[in-house]
Amino acid sequence: MMTDSEFEREVERHYRHNVVVNVLDGTCFWLGTSFIASRTILPLYVSHFSDSKLVLGLLSMITSTGWLLPQLFTANWVQRLPRKKVAPVHLGLFTERLPVLLMVPATAWLATQRPMLALVLFFVLYTWHTVGAGIVAVAWQDMLAKVIPLDRRGRFLGFANFGGTAAGALGGIAASWILGCYGFPSGYVLCFAAAAVFISISWIFLALTREPAQAAQESIISQREYWRRLPAILRADPNFRRYLFSQSVVALGGMAVGFLTVYAVQRWRLPDGQAGNFTFSLLTGQAVSNLLFGALADRRGHKLVLELSALLGALAVGLASVAPDPTWFYVVFALTGASIAGSVLSGIMIVFELCASGLRPTYIGLSNTVNGVAAGLAPLLGGWLAEVAGYQVLFTVAFVVGLAGFALLHWSVREPRQARAVADSGEV
1 MMTDSEFERE
11 VERHYRHNVV
21 VNVLDGTCFW
31 LGTSFIASRT
41 ILPLYVSHFS
51 DSKLVLGLLS
61 MITSTGWLLP
71 QLFTANWVQR
81 LPRKKVAPVH
91 LGLFTERLPV
101 LLMVPATAWL
111 ATQRPMLALV
121 LFFVLYTWHT
131 VGAGIVAVAW
141 QDMLAKVIPL
151 DRRGRFLGFA
161 NFGGTAAGAL
171 GGIAASWILG
181 CYGFPSGYVL
191 CFAAAAVFIS
201 ISWIFLALTR
211 EPAQAAQESI
221 ISQREYWRRL
231 PAILRADPNF
241 RRYLFSQSVV
251 ALGGMAVGFL
261 TVYAVQRWRL
271 PDGQAGNFTF
281 SLLTGQAVSN
291 LLFGALADRR
301 GHKLVLELSA
311 LLGALAVGLA
321 SVAPDPTWFY
331 VVFALTGASI
341 AGSVLSGIMI
351 VFELCASGLR
361 PTYIGLSNTV
371 NGVAAGLAPL
381 LGGWLAEVAG
391 YQVLFTVAFV
401 VGLAGFALLH
411 WSVREPRQAR
421 AVADSGEV
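Okay, so the sequence shown: first residue is 1 according to this note's numbering, each after it adds one.
Bear in mind the hints are in silico, worked out from the structure with no lab data behind them. If you're wondering where the values come from, they're calculated on a predicted model, not measured in any experiment. Just to be clear, a hint being listed does not mean it is correct.
If you anchor each label on the Cβ, the simulated ranges turn out as follows [what the hints assert, rightly or not]:
| no. | residue 1 | residue 2 | range |
| --- | --- | --- | --- |
| 1 | V124 | E225 | 33 to 39 Å |
| 2 | A356 | F49 | 29 to 35 Å |
| 3 | L234 | S186 | 48 to 54 Å |
| 4 | R83 | D325 | 29 to 35 Å |
| 5 | F73 | W268 | 39 to 45 Å |
| 6 | W227 | T112 | 45 to 51 Å |
| 7 | F94 | D325 | 44 to 50 Å |
| 8 | R114 | Q418 | 54 to 60 Å |
| 9 | R16 | S186 | 40 to 46 Å |
| 10 | T327 | L380 | 28 to 34 Å |
| 11 | F123 | D151 | 38 to 44 Å |
| 12 | L91 | W328 | 41 to 47 Å |
Backbone N, C-alpha and C fix where the C-beta goes; we use that ideal spot for every residue, glycine too.
With the hints as extra help, turn the sequences into a complete structure.
As structure tokens, this is what we get:
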């Protein structure tokens with residue numbers, strides 16, 4: 001294995017290539033997923049089979065937890081991989097990409113003939129897709145941390161997500177046209193097919209990443225020993241504990257997001273194609289915010305971006321609760337997109353700064369799995385509130401909890417760059 005200085009030279013040598021292929025990966029992946037947008041198109045698809053708010057809550061729970069929960073269970077394995085890309089490239093092809101392809105025949109053959117079977121099979125395939133993404137997520141994040149230098153990560157991910165969400169916004173327009181012209185179920189079959197094509201193309205660009213091999217800095221331990229050490233890691237890092245708690249509260253504040261589209265469509269009797277328009281608004285908000293937040297994070301830190309993200313998310317559901325007509329929901333979804341942009345970009349990147357590089361997979365896994373538990377409970381709680389008290393109560397509660405999450409993050413968590421500077425200077 002190469003020395004640290006040799007490794008850094010290899011990273012710099014392939015930096016531009018890796019930026020290009022990973023931006024293209026993100027662009028194609030976001031474009032593909034815009035056709036199966038989990039906060040706009042899929043809730044409307046599910047509503048054709050069931051009007052239960054708890055079923056919609058289940059969909060939102062899978063969306064929130066599928067990517068997050070598995071990560072701690074794979075961190076010990078990832079920590080030992082000399083090259084992290086083998087997981088998202090070789091394993092991810094089957095765990096993340098294949099189930100989207102299978103949604104096409106499942107919907108085409110069963111949606112009208114066997115609707116309940118189609119719904120069950122959709123949930124199986126969608127869970128497979130989201131959990132499969134979570135299985136390879138730590139390795140993908142650690143790969144990016146290896147091939148993108150620290151001082152350029154915010155701008156890289158901001159630009160990559162901008163390209164992806166801008167393409168996704170165009171995909172939202174296309175999805176709106178498809179659903180408007182073909183309706184249910186044919187329009188959804190075509191949307192699922194478009195998603196499968198573009199996320200398969202993204203896999204090709206991901207596979208082109210040039211990642212130097214690097215020996216694990218931590219000793220190899222069993223999974224049982226790995227789990228036994230986790231409490232000690234948390235006890236030794238109070239700032240990370242406070243960060244985890246604040247992000248869990250912010251995640252609970254997202255309990256209403258999965259219900260916004262169905263609420264607007266049902267209240268004002270909008271056509272299915274409106275889901276594509278809302279997707280365009282959501283992804284436009286994400287695209288613009290990714291550029292702004294990427295630059296801001298590099299200059300001022302990821303904590304500030306996460307604070308802004310929490311505020312924007314709370315503002316979005318607060319606005320939804322008082323919206324007098326459906327045009328307001330374009331703003332609601334733009335604010336939601338901006339909130340998602342900040343939470344994804346800085347939620348990934350801040351963890352890299354909260355820990356030493358040797359423990360990075362463990363910190364990534366802890367952060368995302370703990371957050372995933374809260375994110376999984378949130379839509380179930382949201383579905384229950386909507387069922388027993390109505391959407392207005394749900395939106396109000398989500399607004400208050402979101403503000404509480406912001407307050408915890410702002411006043412209890414220390415900016416990791418400041419904490420590191422103090423530690424380096426030897427101050428207490």
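Checked against the structure, which of the hints given earlier come out wrong? 2, 4
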